[in-house]
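> Those sequence lines, one after another, are chains A and B.
Taking the working numbering, the leading residue of the first sequence gets 1, the next gets one more, and so forth.
Taking the working numbering, the leading residue of the second sequence gets 1, the next gets one more, and so forth.
Result set (BS3-like, lysine-lysine): computed pairs, CA atoms no more than 27 Å apart in a straight line: (1) LYS48/A with LYS57/B; (2) LYS144/A with LYS551/B; (3) LYS38/B with LYS48/A; (4) LYS38/B with LYS138/A; (5) LYS38/B with LYS144/A; (6) LYS48/A with LYS25/B; (7) LYS58/B with LYS144/A; (8) LYS128/A with LYS138/A; (9) LYS48/A with LYS58/B; (10) LYS117/B with LYS48/A; (11) LYS305/B with LYS336/B; (12) LYS44/B with LYS48/A; (13) LYS114/B with LYS48/A.
Derived by calculation from the structure, the hints in this document are not laboratory data.
Every value quoted in this text rests on a predicted model; they were computed, and no experiment measured them.
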Amino acid sequence: MRTTFFSKKTESASLLLGDAVYTVLDTELTGLDMKKDSIVSIGAVRMKGTRIDIGNSFYRLIHPAGRMDHKNILIHGITPSEVEEEPVVDAVLDDLSAFCGNSVIVGHFVSLDINFINRELKRTGRAKLKNAAVDTCKIYEWIKSSEGAFSRHYSARQDELDLFSLAREYNITFNEGHNALGDAFITAQLFQRFLYALPGLGVNSIRDLLKTGKA
Amino acid sequence: MILEEAISFLQKNPPYQFLDGPVLKEIAHSLSMEFYPKDTVILKQDGPPSDAVRIIKKGSVKILVRAEGGMDSVMDFRGEGDSFGFVSMVAKDRQKTTVVAADDTICYILERDKILKLIETAPVIAEYFMSHLTRYVDRTFEEMKGRSLAYSGTDRLLFTTPSGDIAKEVITVPEETTLQEAAKVMAGHRISSLIVVNRNHVPAGIITDRDLRRVVANARNVADPVKDIMSISLIRVDASDSCFEAVLKMIKYNIHHMIVIKEGELKGIITNHDLMLLQGTSPLSFVNDIEKQQTIEDLVPVTSKMNTIIGLLLQESTKAGSITGIITEINDRLLKKVIEIAERKFGPPPVPYCFIVYGSEGRREQTFRTDQDNAIIYADTSAEGEEEAEKYFSVLSAFIKNSLVQIGFSSCKADYMASNPKWRKALKQWKDYFDNWITQPTPEAVLKSLIFFDMRPVHGKFSLCEELRSFYTPLIVKNKIFLANMASIIVKNTPPIGFLKSFVVEKSGEHKNEFDLKLKGIMPLNDIIRLFALENGMRLTSTLDRIGALKTGQSAVREYHNEIVHVFEFIMMLRMHYQFEQIKEGHSPDNFINPDKLSNLEKKTLREAFHLISRLQGIVVEMYKPLIV
Chain A
1 MRTTFFSKKT ESASLLLGDA VYTVLDTELT GLDMKKDSIV SIGAVRMKGT
51 RIDIGNSFYR LIHPAGRMDH KNILIHGITP SEVEEEPVVD AVLDDLSAFC
101 GNSVIVGHFV SLDINFINRE LKRTGRAKLK NAAVDTCKIY EWIKSSEGAF
151 SRHYSARQDE LDLFSLAREY NITFNEGHNA LGDAFITAQL FQRFLYALPG
201 LGVNSIRDLL KTGKA
Chain B
1 MILEEAISFL QKNPPYQFLD GPVLKEIAHS LSMEFYPKDT VILKQDGPPS
51 DAVRIIKKGS VKILVRAEGG MDSVMDFRGE GDSFGFVSMV AKDRQKTTVV
101 AADDTICYIL ERDKILKLIE TAPVIAEYFM SHLTRYVDRT FEEMKGRSLA
151 YSGTDRLLFT TPSGDIAKEV ITVPEETTLQ EAAKVMAGHR ISSLIVVNRN
201 HVPAGIITDR DLRRVVANAR NVADPVKDIM SISLIRVDAS DSCFEAVLKM
251 IKYNIHHMIV IKEGELKGII TNHDLMLLQG TSPLSFVNDI EKQQTIEDLV
301 PVTSKMNTII GLLLQESTKA GSITGIITEI NDRLLKKVIE IAERKFGPPP
351 VPYCFIVYGS EGRREQTFRT DQDNAIIYAD TSAEGEEEAE KYFSVLSAFI
401 KNSLVQIGFS SCKADYMASN PKWRKALKQW KDYFDNWITQ PTPEAVLKSL
451 IFFDMRPVHG KFSLCEELRS FYTPLIVKNK IFLANMASII VKNTPPIGFL
501 KSFVVEKSGE HKNEFDLKLK GIMPLNDIIR LFALENGMRL TSTLDRIGAL
551 KTGQSAVREY HNEIVHVFEF IMMLRMHYQF EQIKEGHSPD NFINPDKLSN
601 LEKKTLREAF HLISRLQGIV VEMYKPLIV
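Working from the sequences, and respecting the hints, build out all of it.
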């Protein structure tokens, strides 16, 4: 167990940003409570270096274990009847683990997604995801504070750190509807822009990247 | 959904749109998506061949070619739906052009093996890319050939030679050197000027042949130190500035020697003579020709040479701003000469006055023969004084108008000339005019007043013009309703995007309509930039100057600065070339462009230009939406 842990991380740690393989991931949840809520859908996009693979993405709806909250139905637009027919989370997990492989996982507030996924993996007796993981929100804040060292104009308001606000700031076109794959795609484009900004700020390898935005 | 987006994109763009559904889907599946921040060099000339075809999803790229001389020139723009990188990818040869992201750009990447397979299996793709290939290569060679001619026809040319390259080594003498010693040094080195330096070895002045002639003429003591007679104002030019800029300055300040500064240090000196050697028909000699004339009749043959001069400039220059700069300088000279002759004829004015020009003259953007747009502002005086002034200026302005017509400047159809009593007034009356326009704007009044905001003094007491400007500049900043009226006029003049776009796509000659390049291209840009300049309280009148000054402040200009300059230069250049062709064919120049006569490259760039104008108009709408009528 420990060996995998290290080999996975050290293997990728020395890679340059442009040579690494990334899985940009997002989940839709019934809520934020780790005890009660569950995953409704998982979306993931593959990036090889700065390139986003168009044909190699991952999207599964999951029959949730917990009940679905009205509020969340409004947000992600997935109704209970829609997911009724979908496989339960177990069946999706192996596919997801395979898709992640030993890539670097990227996501917006991705700890939350990983925690939910790992809870399910653990519950079903599977190995947790141990991939190196970075949070685009943290990278964003890091970039802003590094640039701030020169300009000092920046102070982020918490409410401006959501994915759509950042997408707007970086001129990424998107449709407002929440969907795990759509959001993962937006996150990937955001991360793509970061990958261009980071080398200029001294971040060249995955090891450097983890220092700025480890999830 | 990512895949669907790619598929619907391919369905809209040739040649992919001709593919069957399953093939299209397979292609979409194999794509990857890359982002290039603005100014990223995506492919580099002489670099390794491209690994893929890149299809622009969003943004645009510039294609540059470096000619023998080492200068990069833009030969093409590619926009959404266009591809690049095919040639070197297929040929596996080193890259022949440099491709740079002109905006933040997103590309779909179709890798080499995928496209090669596609070419084998789908004839429609092969056909498209192959014809594209030959056309593209042909054009590259054409362009290169054209350029090498332009750059190597003569060894050194006015516009491309940095003045540092022809600067001669400077001989310096200390301030205390006597006139006689200085003359000896000059004779010994066979040079026509010396730079006088102070104790710290900093250039303090210049002494030239001309100065020494005066010494002799005035029988001055040759033992006097040079510092007594040297010219102190040292007009300088940077070593990296072109010789053309040096010529402009010489014309402007009427000097024949100019020092060249490189990285803050004295690099050398260039003379009128050196520049004349570069250029057979020198604009400078042309100006001297004007200066020598004493009557309107004598000016006529001189001005008839004007178009030849512009033609020569056009053949060499790549910058419209430089050409219009020189035309304006020459036209100013002509105008001043005419006024000088008029004043000699009718005697000195009863009150100080300022002869102003506006419109394209005011913006220093004149091309071939243009209309007269001028006015007179005279100093405030008593009621009797005004009567007397009116009498004098009505005669003077009528003479000026007729003289200008005689030497080739047609009179203004809308009668915006000093010969119209409405446009020759005392300063206080002018202030009332502006006050009225600005504080009680009506769309018609604003429309009529716009050109006055580009006014520039040419002759007489310049302070009158500047006082008027100081009066209205802050007034505008305060009157948002006036600015909103301007904005609403601006956004109504929409560029013919649809027309040109369909034209670019349609290769059949269906659209044979002409369009007015001045009305649809130059005017909207001038108007938008004027609006931005006025709302920022700027006093500048030339569009390029305004853009330059707005670069650091106004956000839209900051964001699109390079594009705006490029587009403006391009449209001006297109207009001048077009008019020159008309003149050569014996027609009188106008602004009506027949798109059939444009090259594909020109059409494409024009389309980009219209898009930019449209984008800027969108920004204007956003800014003034609540106020626009």
